Structures are given as C-alpha cells and as structure tokens.
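2 protein chains.
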Amino acid sequence: MNNLELTTELTTELRNLIDQMKAGNRRAVARLITHVENGGPETARNIIKEIYPLTGKAYILGITGAPGSGKSTLTNQIASEYLKAGKKVSIIAVDPTSPFSGGALLGDRIRMKPNFTNKNLFIRSMANRGKLGGLAMATKDVLHVLDAYGSDIIIVETVGVGQSEIDIFKSAHTTLVIMPPGMGDGIQAIKAGIMEITDIFVVNKMDREGADRRVNELQTMLDISEKIDVDSPNNSIRVLRSKGWRPPVLKTNGLTGENVPILLDQIKKHGDFIITSGLKKQRLIFRYKHYVVDILKYFLLKNIEKIVFSNPKINEFIEKILSYEKGNDPYSISDAIMEVFLNRYF
Amino acid sequence: MNNLELTTELTTELRNLIDQMKAGNRRAVARLITHVENGGPETARNIIKEIYPLTGKAYILGITGAPGSGKSTLTNQIASEYLKAGKKVSIIAVDPTSPFSGGALLGDRIRMKPNFTNKNLFIRSMANRGKLGGLAMATKDVLHVLDAYGSDIIIVETVGVGQSEIDIFKSAHTTLVIMPPGMGDGIQAIKAGIMEITDIFVVNKMDREGADRRVNELQTMLDISEKIDVDSPNNSIRVLRSKGWRPPVLKTNGLTGENVPILLDQIKKHGDFIITSGLKKQRLIFRYKHYVVDILKYFLLKNIEKIVFSNPKINEFIEKILSYEKGNDPYSISDAIMEVFLNRYF
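Taken in sequence, the protein lines are chains L and F.
One point on numbering: in the numbering used here, the residue at position 173 of the first sequence is 397, and numbering is uninterrupted.
One point on numbering: in the numbering used here, the residue at position 324 of the second sequence is 548, and numbering is uninterrupted.
Hints listed in this document are in silico derivations from the structure and should not be mistaken for laboratory results.
Heads up, some of the hints might be wrong.
Which copy? The list can't say, so a pair holds if one copy fits it or any two copies do.
[Stated by the list, open to error] Computed list of lysine-lysine pairs in BS3-like fashion (alpha-carbon distance at most 25 Å, straight line):
hint, residue 1, residue 2
1, K492, K526
2, K492, K504
3, K312, K530
4, K544, K312
5, K311, K281
6, K526, K493
7, K544, K343
8, K505, K544
9, K343, K504
10, K281, K308
11, K530, K311
12, K311, K526
13, K505, K550
14, K492, K311
15, K544, K273
16, K526, K281
17, K537, K273
18, K526, K504
19, K246, K530
20, K273, K550
21, K504, K550
22, K550, K530
23, K492, K273
No experiment lies behind these values; they were computed from the predicted model shown.
Using the sequences and the hints, build the whole thing.
Structure representation (structure tokens):
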C-alpha cells in the first residue's frame, strides 16, 4: 500500500486515547469515536489496526422497528436488564435519515437518565459521517471501538425502517424487530425484507389494544415464510438464515419492563443457536465481506487516479486506444483492465 | 467482463440512430446524446464501442473564461468563422454549476440565430448527468459522439472558472481562456491553475477601456511563469505544457468579429505546434487515462460488492479476519487484497 501513501502511524493523541480506553475511560472512548467519525476511514484504519486484537468478544444486538413502536424505551429497559446482570453495555443509535437528529435522540434518552451515571453504560448517537466513507462504514468502525473497549453487549438501534435494517443485520448477532400493536394497518405494515432479517419479533406496548392481533399476524406471516426455501443459494440474505430457528414473537411493555427478562432469555437462546448451527461464523464472514467491500470501495475510488497515472504499464493499454480501431475504445480497454484484474486475482 | 453482467448489445433504436447519425442526421445526433446523458455509462459504453472507429478526427477547442468576458458571443464568432471556411462545427456548452442553465444558455444562443439554420452547426447544452458517472464523464462520451458524427471542430465552452477548465484541458487540443478588459482588479483575477492550462489568452471586448492593461498584465504573468520549470516531473499538468510555446495574448471583439480571423490563425499555429512537439500525443494519452479512470471508477464501484461476494477465493482473506490477530483486521486485509491487485497487475 505504499503507492497509496497511507500512513499507518498512530498519532500520540490517538495512542493515548487508546491506552485510556483500555483502562476503562469512557471519555476516551467518546473521543476515539469522534476521531473515527470526523477523520474518516484514513483515521479509522489506524485506530482499528491497533485495537483489533481486543475485539471479537462483544455480543451485537440489533434493534429496529417502525416509528411509534416504543423502540427507544424498550432499548432502555433491555440495557437496564443487562446492567443489572453486571454486563457492560454500549448503545449506538443510528439515524441515517437526519444529520440533525442528535436533539431528538437526546430527548428519547432523557428517559434513560437513571442509567446515565452507570459507569457500565456508554451511549452514542451517530447521525452522519459526511462523505467520508458513509454512515454504514463509520458504524462498523465504531462497533469495533466499543468491542475493544470491553462492551459485553453492543446495542445498535436504528430509527425507522429501511436499508438500515439490512446494515444492522450484517453486523448483529441477533436482530430484534419491534412492532407496535396492530392498528388495523395489517400485514402490509411489515416490509418484505424485514421477515428475512428478524431473529426475534417483539410486539411492544403489550398493554394496548391490538397487541394480540399483531402477534397473530406475525405468526401467520412466519407460517407462510417457512414454506420459502431459505437455503436457496441465490439469495445472499436468506442463506444466512437457517432452518431450525423460527423467530419467536414476544409481547413486551417497554415502560414497565414487563416480559423484558423473557426477551433476554430468547436472545440468549438465539445466541446459543447461532453457535451450534454454524450461523455465527457464516454471519461473521458476511459481515466482514461487507466491511472489506466498504474499505476497498473507499480507498480504490480515492486512489485509482493515482494508480493509473503513476504506473507505466497502463500506457500500453492507453496506446491501444489511440489506434481508433474497433474494440480499442476506452470502454473496451477499461473492460480489458478489469478483466485482467478480475481473472488474475479473483 | 461476464462477471459484471454488462450487456454489449446495442438496441435496435440505438443502432438506427447511429446509422442516421452516420448519414448526417442532426436530430439523430441530438437523440444519441440524450441517450448518453440519461442512460449513463451503461448506455454510453454500447454507443461508444460502436462508433469509436469513426472518431479521432475532430479538433477539440476548449473555451473558458470569467463571466462577463463575452465568451459566448466570441464563441459564436469563432464558430461562424469556421462555418465560413466550410468546416462542420459542434458546440458543447457545459455548466456544471447549474442543472437549470438551459434557459440562460439558450438566451446567449439567441445571438447565434443566424447560425442556427446552418446544417453544418450543431449546438448542445449540457448541464448535468445526475449521479450516473457525472458530468465530466458524460462530456467525454458526448465528445466522441460529435467526433463520430464528423465534426471538424468541436468547441467545448464552459461557464465560469473552476475545476471545469482542467476538464476541458484534458479533452482539448487547444484551450482558449477569455478575459474581459482589466477593471483594476489586477492580476489576482487569474486563478493559479489558469496559467497552466491556457494555450491562447484572448482579451475580449477590445474596444473597452482596460483591454491593453489586461494584455500587459497577462504578458507580465507569462514572463514570470516562463521562469518556472514546466518540465518538472512532479506536476502532471505542467508536464503537458512544453517549452517552445508561449501562449499568445490576443485582443478580440466578439460582437463585431474583429481579430477573430487572427485568433483562428493562432489556433491553427498551436495545432501545428502540438503535432511537431509531440504534445498532441502526450495530451491524448493524458485525456484517455482520465477517461479510463472515470470508467474504472464507475464500474468498479458499482460491481465490487458483486465481485467480493461471488468469488470463493476472497473467503481465505475473510477467514483471517476472524482470527482477531494483530495485522488481520479488516483494513489490513483490504490492504493485502489491494496490494496483490496492485502488484500483480500494476
């Protein structure tokens, strides 16, 4: 990578922050994450390279769901339950739709105030990382910082329903999809992809009307979906699901915490299942392929001009273009360059 | 490129348009360009592959300059002069700053009305190509369509002063930079990069006060710049300039056409110079390197996920990540993948 002139040197500041993080300093973690967000992949790579041997221990719990499902409140209860059990918990709240969501998220977090002073809890809202690699890549970087920090559980909570669920799924051991009680909006409220990424369905606000109706809808959907061949090799998402796990459908009350211990039991059960079924490793590979794709995209895009201009071999190809002969146009020559690249290496 | 599933089939519609273009049909050219703009690089590649053997004949004249320099009016006069000499002329007006510039450009073009009915003139305003490869790439594609159409001269006119000049420079045989008379704003009105991309300076509106002052300023700047080592290997732009050509500074009147024949003589003289000096070929190579970089960027970025996920060899690298050993983090593994790519191929 010398041609790309990437530094692999950690600055003294970053090295100190990493040392402080290792000693359990939450402020240092927060500042490292800020560096990851603001410095982009160039900064993140130096941090990740250093802390990577400390990672691989955290359990990553994805939580997503429709607005109005009480997802943040329930996340608070789940975190509390883990804290009570002596676990170190980190929460990343991701909102890709708004770069100004900090305020709103903070509002949600006011309910979590009893937890704020708990030294075993770390909360971070991530709204954006500008153009530097994008939010999905930044989230992956931050997950590794929190893993290295020693979090037992990292909860990644996304706002809304969209592409973000797929991204959580790529990074999570267990994904919860939170639903409000059925409001007569029926089954179409569940987007197509959701069925495939969910490990556990949670119908929250169980005290409200329609909770049982929603549970029944979900069970019906699961009945139907079990008839789909999840092991089809044509579907890179489905293939990461597995026969042998039918997502349970639980009812909870995020405000009172009712049934949250049962939910944690189910999460534990799913955590055991992904180990015995081999799914854990499959998902890890899937996760890291995406991470690598993000990194390759970012650095290739940033450096391809330098690569093409700095290497004399590329001239042979360009000379061909100047022949103005059929098949030597810039697109065909680019095809040829990619073909050699793909064939020789991949 | 089969792995990327790119079609190389021309649709019947595109093939018909190309046939009509070959027969000199201006409307077919306009429609082909619309396809290039709206269909993005996937469509452009099929068109360019087909028409490429017809290209390489047009002389590309870049015209840029500050707002208020009377650039569009002068472009009209230059086009008229070439038309009088029996040349087939195409004009591409590029405005990367505004997707809504069609109207303004059309306003400018009203002065060109006498030319509009001339069958040897083709005018096109390009403001945008959304996210599909970007304007710089679309402009390169369109240049090739107009070249294949049989244009003797293609004038690429950009609005304003900025990155667009560099892009013109990459595609032009000769670049004119148009200046208004000096308004006491002095030498800082000329941005740093301009000096390096200009083949001919034109002080337009020569009847106005300050024209000679501007000429003198430019000559002074040229005196200074001649002391710079243009052959420094560290500067990919400067290296494409050459000792032996000091950009002449001409005065013109775009409204009356005064001195425009002299300007055309100078363009011809520069055209001869780039051949005898070998600069023409150097510039062509430079131009096509950028074209290839644009194409590689677009298609690699679009397909790298498919490449990584479809190839079993990549699994070996990903497995290493799961060791959580120092040096096997996702960034280092991505480095390793790129390193093999760069070393084996480049």
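Query raised in the report: Hint by hint, which ones does this structure get wrong, listed from lowest number up?
Result: Of the numbered hints, 1, 3, 4, 6, 7, 9, 11, 12, 16, 18, 19, 22, 23 do not hold.
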